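If you're matching them up, the sequences are chains A and B in order.
All letters in the first sequence, in the order written, are residues 2 to 368 by my numbering.
All letters in the second sequence, in the order written, are residues 2 to 368 by my numbering.
Please keep in mind that the hints were generated in silico from the structure rather than gathered at the bench.
Please read all numbers here as calculations on a predicted model, not as lab measurements.
You may find that some hints are simply not true.
Which copy is meant is left open, so a pair is good if it fits within one copy or across any two.
[Said to hold, decoys possible] In the DSS-like style, the derived pairs of lysine-lysine whose C-alpha atoms are separated by at most 30 angstroms in a straight line are: (1) K83 to K141; (2) K107 to K317; (3) K317 to K327; (4) K107 to K83; (5) K317 to K149; (6) K83 to K327; (7) K141 to K327; (8) K327 to K7; (9) K107 to K158; (10) K327 to K107; (11) K7 to K83; (12) K107 to K149; (13) K317 to K141; (14) K7 to K149; (15) K327 to K158.
2 protein chains.
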Amino acid sequence: MLVDGKHFRTIWDNDGVVSLIDQRWLPHDFRIETIRTVEDMATAIRDMHIRGAGAIGAAAGYGMYLAATSSSSSSSSSDPRKSIRAGAELLNAARPTAVNLSYAVKRQLRILSDTPDNDLGNTALTEARAIADEDAAACKLIGHHGGKLLEILSSGKNGQTVNVLTHCNAGWLAFVDFGTATAPIYEAFDRGIDIHVWVDETRPRNQGSRLTAWELGQHGVPHTIIADNTGGHLMQHGLVDAVIVGTDRTTRSGYVANKIGTYLKALAAHDTGVPFYVALPSSTIDWEISNGLLEIPIEQRGPEEIRYATGELEGKTQSVLIAPAKSPAANYAFDVTPPRLVTSLISERGVFEANEEAILAMYPEMR
Amino acid sequence: MLVDGKHFRTIWDNDGVVSLIDQRWLPHDFRIETIRTVEDMATAIRDMHIRGAGAIGAAAGYGMYLAATSSSSSSSSSDPRKSIRAGAELLNAARPTAVNLSYAVKRQLRILSDTPDNDLGNTALTEARAIADEDAAACKLIGHHGGKLLEILSSGKNGQTVNVLTHCNAGWLAFVDFGTATAPIYEAFDRGIDIHVWVDETRPRNQGSRLTAWELGQHGVPHTIIADNTGGHLMQHGLVDAVIVGTDRTTRSGYVANKIGTYLKALAAHDTGVPFYVALPSSTIDWEISNGLLEIPIEQRGPEEIRYATGELEGKTQSVLIAPAKSPAANYAFDVTPPRLVTSLISERGVFEANEEAILAMYPEMR
Numbered sequence: 002m003l004v005d006g007k008h009f010r011t012i013w014d015n016d017g018v019v020s021l022i023d024q025r026w027l028p029h030d031f032r033i034e035t036i037r038t039v040e041d042m043a044t045a046i047r048d049m050h051i052r053g054a055g056a057i058g059a060a061a062g063y064g065m066y067l068a069a070t071s072s073s074s075s076s077s078s079s080d081p082r083k084s085i086r087a088g089a090e091l092l093n094a095a096r097p098t099a100v101n102l103s104y105a106v107k108r109q110l111r112i113l114s115d116t117p118d119n120d121l122g123n124t125a126l127t128e129a130r131a132i133a134d135e136d137a138a139a140c141k142l143i144g145h146h147g148g149k150l151l152e153i154l155s156s157g158k159n160g161q162t163v164n165v166l167t168h169c170n171a172g173w174l175a176f177v178d179f180g181t182a183t184a185p186i187y188e189a190f191d192r193g194i195d196i197h198v199w200v201d202e203t204r205p206r207n208q209g210s211r212l213t214a215w216e217l218g219q220h221g222v223p224h225t226i227i228a229d230n231t232g233g234h235l236m237q238h239g240l241v242d243a244v245i246v247g248t249d250r251t252t253r254s255g256y257v258a259n260k261i262g263t264y265l266k267a268l269a270a271h272d273t274g275v276p277f278y279v280a281l282p283s284s285t286i287d288w289e290i291s292n293g294l295l296e297i298p299i300e301q302r303g304p305e306e307i308r309y310a311t312g313e314l315e316g317k318t319q320s321v322l323i324a325p326a327k328s329p330a331a332n333y334a335f336d337v338t339p340p341r342l343v344t345s346l347i348s349e350r351g352v353f354e355a356n357e358e359a360i361l362a363m364y365p366e367m368r
Numbered sequence: 002m003l004v005d006g007k008h009f010r011t012i013w014d015n016d017g018v019v020s021l022i023d024q025r026w027l028p029h030d031f032r033i034e035t036i037r038t039v040e041d042m043a044t045a046i047r048d049m050h051i052r053g054a055g056a057i058g059a060a061a062g063y064g065m066y067l068a069a070t071s072s073s074s075s076s077s078s079s080d081p082r083k084s085i086r087a088g089a090e091l092l093n094a095a096r097p098t099a100v101n102l103s104y105a106v107k108r109q110l111r112i113l114s115d116t117p118d119n120d121l122g123n124t125a126l127t128e129a130r131a132i133a134d135e136d137a138a139a140c141k142l143i144g145h146h147g148g149k150l151l152e153i154l155s156s157g158k159n160g161q162t163v164n165v166l167t168h169c170n171a172g173w174l175a176f177v178d179f180g181t182a183t184a185p186i187y188e189a190f191d192r193g194i195d196i197h198v199w200v201d202e203t204r205p206r207n208q209g210s211r212l213t214a215w216e217l218g219q220h221g222v223p224h225t226i227i228a229d230n231t232g233g234h235l236m237q238h239g240l241v242d243a244v245i246v247g248t249d250r251t252t253r254s255g256y257v258a259n260k261i262g263t264y265l266k267a268l269a270a271h272d273t274g275v276p277f278y279v280a281l282p283s284s285t286i287d288w289e290i291s292n293g294l295l296e297i298p299i300e301q302r303g304p305e306e307i308r309y310a311t312g313e314l315e316g317k318t319q320s321v322l323i324a325p326a327k328s329p330a331a332n333y334a335f336d337v338t339p340p341r342l343v344t345s346l347i348s349e350r351g352v353f354e355a356n357e358e359a360i361l362a363m364y365p366e367m368r
């Protein structure tokens with residue numbers, strides 16, 4: 002995607018060094034971080050220098066590459082396999098909810114277990130690039146399928162503005178390129194469809210106002226930031242034609258784990274008859290579990306993200322205390338939307354209902 | 002209620018001067034503002050030095066008193082009736098959604114129209130005090146009725162902690178004393194019931210984290226601040242036993258206008274079988290209208306409240322920019338919850354269903 006007119010991915014490699022866009026400073030400051038060790042990659046994931054389902058997956062893939070090269074190039078006598086196993090554990094522990102992370106780690110472990118010691122680095126790099134490329138290709142296809150849905154909505158309104166609401170950032174910053182929830186929006190916009198996006202600010206970390214608004218702005222897509230409380234009111238008054246969100250993990254039966262608050266928007270969409278779409282590359286589907294409400298672990302983050310708000314003041318990123326000094330806070334990062342509230346899933350293969358039968362019809366190899 | 006152990010109301014008079022707690026500086030700074038003119042009172046209401054349904058009503062009552070005395074004591078030859086009418090217009094225009102404001106203004110206009118010129122000030126003061134006293138008395142009774150509901154929930158859990166979720170501030174800061182949504186909580190807590198409150202931070206103005214958390218803390222009630230996105234997840238996992246919110250205006254058929262985001266919590270409560278209570282003094286009921294979704298005007302406030310977050314930094318109240326410099330924002334202040342999502346209303350007269358028949362059974366004089 003474009004940043005000041007120049008094409009970027011969220012993560013890439015160059016001469017054995019991995020670079021990523023450090024999202025902590027956006028929208029006020031565009032910074033690139035270079036990562037040289039798996040430990041630094043785990044920190045970048047855990048502390049959300051890079052975040053979002055697909056981007057975390059690509060970061061984990063590259064993290065495994067760094068683990069493999071640190072061991073193979075190390076002058077110490079340590080077992081390179083040990084270094085890879087330790088890297089895998091470190092990465093898996095960095096964030097618990099997104100399935101892409103463990104998917105990428107597993108994929109690297111599998112291929113590296115069949116690789117001779119002297120080829121670990123090359124193989125891991127090729128695999129890391131493949132994970133990133135596949136993510137970008139899947140998002141491009143999601144844009145194709147989802148863009149058609151928006152085109153139909155536009156026709157139904159005789160070309161009047163199509164209003165899409167999105168929550169958090171399932172934009173290109175959350176993936177390697179294009180994004181999931183945003184891919185249909187970019188596709189429709191590029192085809193000349195009159196589109197406007199309501200951007201949930203997405204407390205506590207404001208990924209909506211900080212990241213989604215920023216990347217929509219970079220692409221020129223008309224958008225308006227709203228408080229997370231607002232979507233229900235807009236839907237009640239016909240001001241939303243579709244909700245499109247991403248997901249950090251969707252079960253084989255269609256339960257959707259996504260940023261905390263997604264369930265509330267799904268309820269409002271259901272109550273007001275607004276279609277509720279979840280865009281996802283199939284790497285986000287967890288084929289192992291079924292009931293997401295019972296089985297998906299929900300990350301709890303530090304209370305300071307709730308007690309403070311972070312933004313720009315006098316040219317610097319600063320945090321203001323928005324709560325009484327002594328009041329405690331709780332910070333659940335995700336919630337789970339049951340399949341009955343989801344109109345359709347949009348993946349790289351097409352548009353289908355959120356139930357096991359429909360999902361397996363689209364992915365027969367997973368039966 | 003208590004502030005550092007000393008009893009306060011949110012607004013009071015002394016020697017012809019009206020004083021109020023200036024809520025803009027809470028929770029970090031407790032400031033009292035003195036108001037000497039109706040113009041200053043209109044500013045205090047519009048710019049939310051004082052906010053909340055009952056507190057706005059009391060402020061409007063006192064504002065009319067200031068209008069009446071400014072005209073009667075003025076050395077100019079202006080008609081005191083003219084001054085009262087101008088004051089009424091000014092106050093009515095200050096905030097559009099809460100019915101208590103226009104209720105208090107109407108009540109003063111009615112009584113002053115039957116009052117001789119030389120008694121306007123005294124009459125208006127007596128009426129302003131009556132409006133404030135009635136608000137406090139109604140809240141006390143809401144605490145009595147709602148406290149019983151919490152006692153029943155506590156018994157049903159064999160005395161285990163009762164978890165209540167509330168949105169915005171319908172606490173004593175929003176009224177003259179006790180509050181509405183908080184009155185049952187204070188009542189139950191004072192009776193020794195084990196209670197814990199989930200406090201929605203309530204973006205964009207954070208009345209939950211700034212005000213509700215502060216006043217619960219002053220009273221010693223255990224509480225935890227959460228992002229507005231969180232309530233649905235908590236309800237899905239059995240961590241909420243009841244939702245209690247206030248209202249800025251409820252129609253005779255039970256539509257509830259309250260702080261933006263209330264509708265989303267009502268949907269989640271309905272979806273998960275959690276009782277959803279609305280606490281209100283009957284001054285908040287708009288007997289003139291029926292369908293709240295169509296008929297209640299929804300205030301839109303400035304976009305800067307969304308684009309910035311305000312809190313304490315280095316001992317000062319400061320605002321940080323949390324959005325891209327060029328992204329627009331929209332700021333709808335209220336939404337309307339339909340009666341089908343409301344378990345019960347709790348007023349000074351008791352607990353009853355949110356439909357016209359049940360409401361009129363409780364207020365037969367309004368038939």
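Here's how the hints hold up against the structure:
no. : hint         : verdict
1   : K83 to K141  : neither (37 angstroms within a copy, 67 angstroms between copies)
2   : K107 to K317 : neither (40 angstroms within a copy, 50 angstroms between copies)
3   : K317 to K327 : both (26 angstroms within a copy, 17 angstroms between copies)
4   : K107 to K83  : within (15 angstroms within a copy, 79 angstroms between copies)
5   : K317 to K149 : neither (42 angstroms within a copy, 51 angstroms between copies)
6   : K83 to K327  : neither (45 angstroms within a copy, 49 angstroms between copies)
7   : K141 to K327 : between (47 angstroms within a copy, 27 angstroms between copies)
8   : K327 to K7   : between (46 angstroms within a copy, 19 angstroms between copies)
9   : K107 to K158 : neither (46 angstroms within a copy, 44 angstroms between copies)
10  : K327 to K107 : neither (43 angstroms within a copy, 42 angstroms between copies)
11  : K7 to K83    : neither (40 angstroms within a copy, 64 angstroms between copies)
12  : K107 to K149 : neither (34 angstroms within a copy, 55 angstroms between copies)
13  : K317 to K141 : neither (35 angstroms within a copy, 47 angstroms between copies)
14  : K7 to K149   : within (27 angstroms within a copy, 64 angstroms between copies)
15  : K327 to K158 : between (51 angstroms within a copy, 28 angstroms between copies)
Consistency with the previously given hints fails for numbers 1, 2, 5, 6, 9, 10, 11, 12, 13, ordered from lowest to highest.
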